[in-house]
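With these hints in hand, go ahead and build the complete structure from the sequences.
Residues per chain are reported as follows:
2 protein chains.
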Amino acid sequence: MDLKINLPEGEMPRQWYNALPDLPTPLAPPLDPQTKQPVSPEQLEAIFPKAVIEQELSTERWLPIPEPVRDIYRLYRPTPLVRAKRLEEALGVKCKIFYKNESVSPAGSHKPNTAIPQAYYNKLEGVRRISTETGAGQWGTALSFACSMFGMACTVYMVKVSYNQKPYRRILINAYGGEIFASPSENTKTGRAVLASDPDCSGSLGLAISEAVEDAATHADTKYALGSVLNHVLHHQTIIGLEVEKQLAAIGEKPDYLVGCVGGGSNFAGLVLPFLPRKLSGEAIRFIAVEPKACPTLTRGQFRYDYGDVAQLTPLLKMHTLGHAFMPAPIHAGGLRYHGGAPIVCNLANEGLIDATAYFQTECFDAARLFLRTEGFLPAPETSHAIKGAIETAKKAKPGENVVFLYSGHGLLDLASYDAFLQGKLTDFAYPEAHIAEALKACPDVG
Amino acid sequence: MDLKINLPEGEMPRQWYNALPDLPTPLAPPLDPQTKQPVSPEQLEAIFPKAVIEQELSTERWLPIPEPVRDIYRLYRPTPLVRAKRLEEALGVKCKIFYKNESVSPAGSHKPNTAIPQAYYNKLEGVRRISTETGAGQWGTALSFACSMFGMACTVYMVKVSYNQKPYRRILINAYGGEIFASPSENTKTGRAVLASDPDCSGSLGLAISEAVEDAATHADTKYALGSVLNHVLHHQTIIGLEVEKQLAAIGEKPDYLVGCVGGGSNFAGLVLPFLPRKLSGEAIRFIAVEPKACPTLTRGQFRYDYGDVAQLTPLLKMHTLGHAFMPAPIHAGGLRYHGGAPIVCNLANEGLIDATAYFQTECFDAARLFLRTEGFLPAPETSHAIKGAIETAKKAKPGENVVFLYSGHGLLDLASYDAFLQGKLTDFAYPEAHIAEALKACPDVG
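Note that the protein sequences, when read in sequence, are chains A and B.
The numbers in our numbering rise by one with no breaks, and the one at position 196 of the first sequence is 203.
The numbers in our numbering rise by one with no breaks, and the one at position 233 of the second sequence is 240.
Check each hint, because a few of them may be wrong.
Note that identical chains are pooled: a pair holds if it fits in a single copy or bridges any two copies.
[As the list claims (entries may be wrong)] 30 Å max Cα-Cα, derived DSS-like pairs, lysine-lysine: (1) Lys-11 x Lys-92; (2) Lys-173 x Lys-432; (3) Lys-101 x Lys-261; (4) Lys-11 x Lys-253; (5) Lys-405 x Lys-92.
Since the hints were made in silico from the structure, they are not lab data.
Below, the structure written as structure tokens:
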């Protein structure tokens, strides 16, 4: 059997899957942060294109993938599903382990799967420029790549501490033609106000979001794009799981366990959601979400309405949350440091349809090193969580079962974190119950 | 038509091609640097395993690829041949452009194609550790990857200036379990002698070679490995062109132009050599070698015997050379800064079977940026030369002709060079005739 299962491009899915109509319990609507009433589509039009808002609210099970989006997808899709045979042998397990390799995209992660359609829909509606924020840098890279494919401008607000720590991310975004500002920046009213009171402010994701949204809201030719959490982002990512389904079918197999890391939740959702109908129809298939103990949203958070950002500017979303003011420890998996999660993922976790588990970063880097020395490739720190989850799952799986995990990105621009790991300088973080209880007190008192 | 032509793993070549028996003029033998007599196989046994020496001298046209080597190849091979349709459209050309993507290997370049068999043959003969040198870092990464696959130790001597400039390369080599020394190091007699007289010496590739060879020659459990130039390295790389041949055949096409960059010459040779018999039988197929104007070995060097290193320790090889003391300007394509070239490639160039051309680094980075913004992927600075050559070739090609170039590696660990390019800080280098004539005077007076 081939180690790599490649789909022909003609087999690349022509529709994204929308889990909304299949959720056992309907999704709670996003609420206006002021009025606490459901947000209207019109309210979103200041920052998002209409086609994206329609997808956000759509209850159609299948959403067609536009041909120009498929054209760009074809630069790297379908991505390979790979049998991790050497990893199986090193573990001595009798199940099969597969990984879906999204690191082969130009940006090196799954993020282009949604960056490309978002750029496309904006382009269709005459938008000239897209603004966004980025923390670890994966999303900013993906959006600047996508904008360059459609000849659009892209402005990225990157949290200042990351901007300074990760110069390669900045250069790559520039190379795609994107402009990038360390946030807080002089480019927005919000940024200038922060800098006036604290010139040395090192920034935060919440602040970068505020700058990017302000930039979009104050320029007629500019819209804003988000890289995770929202429904439309998850829809776009389902192309991952839809391909996995076809790839396993091509070798006469079905998944028993689907494993992914969870920050905002989009890569995990992209892998598992297409298998939701099977699971609901009684098929024995487990969805395993892996998060860091330093940011244990699904494993220790509460399922309730909360703000998406520290500054309380975003709509209220019903999700698992650690409180919007929760400040996760500075682990290297920057993409997993989010206090909340995608409402669709949290809804399913609340129904008991998703099993969540949490690990320390050191044990995840240990798993990444084992992967590197058996399969050869260097995983992103975020992806190392999925690998750890897959290894623990495989150890318990029965002979002949299939464990499929999502290899969400490579770690070639995260080598500094490996240096810290190899030198034994990583710190593991977990929180006492009282710390989390205190953080949760900041949640608004809604439903 | 699919953009990506993927071969099934079962179609991966089972033999490497050896061009030696097909060369119109026999290859001149390597000479002992002291006696100027042909080197005997026994002389090489101090630093190379027997199986490698046999391949170096073999006149068999086909060399079987051992099954354990194929097993590791399968982690990333067969690599895709990709139609660069968006690049064609941006150029407005009517020919087809394809690129063979070797950047998908774990080490990010074509180098593992020879690192894997070299590690394997050493392992078979009981070698515990392999030493080598690395300049830009691609080869050191590939060999440490290959050694980790076979559970072997690997020691890399990295030119000190690169070691300090490229910390990510060092970390990646460490992550694979390789040990790495900035050269000159305290680890060898050679290194200590240099440091004693010049503690701030920033090193050179020649010096690093001397350290790696000394390390192998003075430890019974250790051999040395070279990443380019020698015949066996070129043989191993022919898997590239053999796959291209099958991939084009699968879509009913043949190459009209094969384009690759040339430093030592192994990636270029890997692409073109399998097509040598066709060319010799009269098929109209052009082999286009692209080098930097800052190191114009094939375009401005002399075809004669010269040392492979500055220190005059290696055997004399008959090749195009700029003189072994030629110090190429510090362009960013570090892998192309070599005064000589592979004897097989130079032999063919001397016969007029290879067309060599040279470009400035700025025009190559311009080409790389166009590739990035059309095809999405970030090329290594070395690879940018192949892209520039392919673009110029495509502009002159007839409608319907096929231009195939070798995408030898990605640039994700070379982003500092893109920063210099984007900021307009690149310098272009070329040499007056007198400078080259002077450098050539150092060549020994042999044949």
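Cross-check of the supplied hints:
1. For a Cα distance limit of 30 Å, the shortest separation of Lys-11 from Lys-92 qualifies both inside one copy, at 11 Å, and across copies, at 25 Å.
2. When the C-alpha separation of Lys-173 and Lys-432 is checked against a cutoff of 30 Å, the pair qualifies both within a copy, at 18 Å, and between copies, at 21 Å.
3. With identical chains, the CA atoms of Lys-101 and Lys-261 are at most 30 Å apart within one copy only, with a shortest distance of 16 Å there and 44 Å across copies.
4. Taking the closest pair of Cα atoms, Lys-11 and Lys-253 come within 30 Å of each other both inside a single copy (13 Å) and across two copies (18 Å).
5. Taking the shortest alpha-carbon separations for Lys-405 and Lys-92, only the intra-copy value of 16 Å comes in at or below 30 Å, while the best inter-copy value is 46 Å.
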